[in-house]
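Single-letter residue listing:
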Amino acid sequence: MSKVLMKGNEAIGAAAIAAGCKYFFGYPITPQSELPEYMSAHLPRVGGVYLQAESEVAAINMVYGAAGTGKRVMTSSSSPGIALKQEGISYIAGAELPCVIVNIVRGGPGLGSIQPAQSDYNQSTRGGGDGDYRLLVYAPGSIQEMVDLVQIAFDKADYYRNPVMVLGDGMMGQMMEPVEFKDDLPKMELPEKDWATTGTKGQRKPNVINSLYLAAEELEQHNIRLQKKYDEMKQNEVRYEEYQIEDAELVIAAYGTTARIAKAAVDQLREAGIKVGLFRPITVWPYPYDVVKNLPESVKHILCVEMSMGQMIDDVRIGNEGQRPVHFVGRSGGMIPTPQLVVDKVNEILNGGK
Amino acid sequence: MAVVFQKTRGLTDVETHYCPGCTHGIIHRLVGEVLEELGVLDEAIGVAPVGCSVLAYNYFNCDMSEAAHGRAPAVATGIKRLLPENVVFTYQGDGDLASIGTAEIVHAAHRSENITTIFVNNAIYGMTGGQMAPTTMIGQRTTTSPYGRDAATTGMPIKISEMLAQVPGATFVERVAVNTPGNVRKAKKAIKRAFELQLAGKGFGIIEVLSTCPTNWGLDPVKALRWLEDNLMVYYPLGNFRDYQEVENA
Chain B
0 MSKVLMKGNE AIGAAAIAAG CKYFFGYPIT PQSELPEYMS AHLPRVGGVY LQAESEVAAI
60 NMVYGAAGTG KRVMTSSSSP GIALKQEGIS YIAGAELPCV IVNIVRGGPG LGSIQPAQSD
120 YNQSTRGGGD GDYRLLVYAP GSIQEMVDLV QIAFDKADYY RNPVMVLGDG MMGQMMEPVE
180 FKDDLPKMEL PEKDWATTGT KGQRKPNVIN SLYLAAEELE QHNIRLQKKY DEMKQNEVRY
240 EEYQIEDAEL VIAAYGTTAR IAKAAVDQLR EAGIKVGLFR PITVWPYPYD VVKNLPESVK
300 HILCVEMSMG QMIDDVRIGN EGQRPVHFVG RSGGMIPTPQ LVVDKVNEIL NGGK
Chain D
0 MAVVFQKTRG LTDVETHYCP GCTHGIIHRL VGEVLEELGV LDEAIGVAPV GCSVLAYNYF
60 NCDMSEAAHG RAPAVATGIK RLLPENVVFT YQGDGDLASI GTAEIVHAAH RSENITTIFV
120 NNAIYGMTGG QMAPTTMIGQ RTTTSPYGRD AATTGMPIKI SEMLAQVPGA TFVERVAVNT
180 PGNVRKAKKA IKRAFELQLA GKGFGIIEVL STCPTNWGLD PVKALRWLED NLMVYYPLGN
240 FRDYQEVENA
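One line per chain: the protein sequences are B and D, in this order. Each residue of the first sequence is one higher than the last, beginning at 0 in numbering that gives the first Met the number 0. Each residue of the second sequence is one higher than the last, beginning at 0 in numbering that gives the first Met the number 0.
A few of these clues could be false.
Said to hold, decoys possible - Below, in silico cross-link-like pairs of lysine-lysine (DSSO-like), each with a Cα-Cα straight-line distance of 27 Å or less:
#1 Lys158(D) x Lys200(B)
#2 Lys204(B) x Lys191(D)
#3 Lys158(D) x Lys185(D)
#4 Lys200(B) x Lys188(D)
#5 Lys201(D) x Lys200(B)
Hints are computed from structural coordinates only; laboratory data are not their basis.
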């Protein structure tokens, strides 16, 4: 299929529909509103449902009910809206329902700003809801990758019976890039949804969608079962990109928009003969800890670059296991780091500065 | 031997956890009977709340979804929008519906979601141990209004049916009680009417059922019924507040 020029938020919507998602429950919030707008225009044409809920809280609970019917369903929001959805996300994870949640991050805390940020790393990878649950979280670095991952996300959600989050930012949502909707994306063998609440039709015992286990022993068993599922994700779902790592003296760790900026900085530094590489996690949960742990001997420093005051840096430190100094440079509040900021920080580190 | 009366197929054989004298059991049975009589049990999907009836998913003999506190109408919306041919209902208490879930119930009514809500009002939070609810009567002592509910600091008891009757999308709104055999029959009739309107695609219906909580009211079951008649039924008058024909004529 030929390439089309699309805005990130709209491309997500088109990708979801291509993945067979016909149901969307949302609430307007900048900078992701083009996605619900796109869905409101396109879903009725494919016999689907677009519904603007009274709140993010209601929207995610509509997703809970809708996902319980076994059909593919999606919601999206941006940072403060995702914070409101956290209750429902925990219930969805607890009841083991598949769905895809898009978070187009803006600056925080609180009402924050409407400009791009990566300060939702913690609430996306650690969860803001209660209990021991995990989401599979994709952090694409281009609109094309976002389009591919949105489609893959629906398969993974169905396979694991787990919510999957696609973590973008205001930049990824708002910018336009050429994208291709591929016919050859890997397809998974998916289990039958015999747990769905669709009415018994007199053919089976009632199904119950639920996250309540009043007996402590039962809840513990439920959590152990969930953990096994998360362990399987850790085993099979880690995705990342390495760029110019082999002989690098310093490796930059960055994801999404900042990884693109960091890549420009790497190219600029390499031209000047400075040995720098880039490690870009594509899944931020499960995190590619082993990549950080097993960086080549040549690597003396790690520099984490984020559009936050430093959140992913905790995961870099976990993977690093104290082997090398981990440095940080970032901008926050909607400010975007320039390649030069990264170049200057790399030079400072390699020239013996802190 | 001829069977003249038997348990409805609308309920499972599970023994309920409700306290002696609580009228949740009667209300469950009415809903189960209506689903059975309308022949829609196999198409029904119920949404259980948080509160005393949290375990309703064990008692109704149909597919069930257990919602977060107050969110049952949103969950039901998600189900019904995807499965418009199925019969979808929520079963909620007054803490769930009249307090934490006011946004969800008002907007489900406002959109005229084609669902049926059973709203059990016993003027107290039962499951958590008898705290004050927005529906608690003035002067009523609860564990969080130990000196009696005071309107000056907590407002007047909220009248959900009267409020929802103002919402254009609400097709059917009726308040009933299950304190006497006559009222039980009227309650069943109202529940049936709301489900029939759903089957006809006429939109949102709610039946507010005044109920007792002998345990947390500190009364025996008989005195609890009397207290309901002398207090709840005075402040919360029974009757229909909105019906389909009236909506049509408006």
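Structure-based check of all given hints:
no.	hint	verdict
1	Lys158(D) x Lys200(B)	38 Å, violated
2	Lys204(B) x Lys191(D)	24 Å, holds
3	Lys158(D) x Lys185(D)	20 Å, holds
4	Lys200(B) x Lys188(D)	25 Å, holds
5	Lys201(D) x Lys200(B)	23 Å, holds
Hint check: a violation occurs at hint 1 only; the rest are consistent with the structure.
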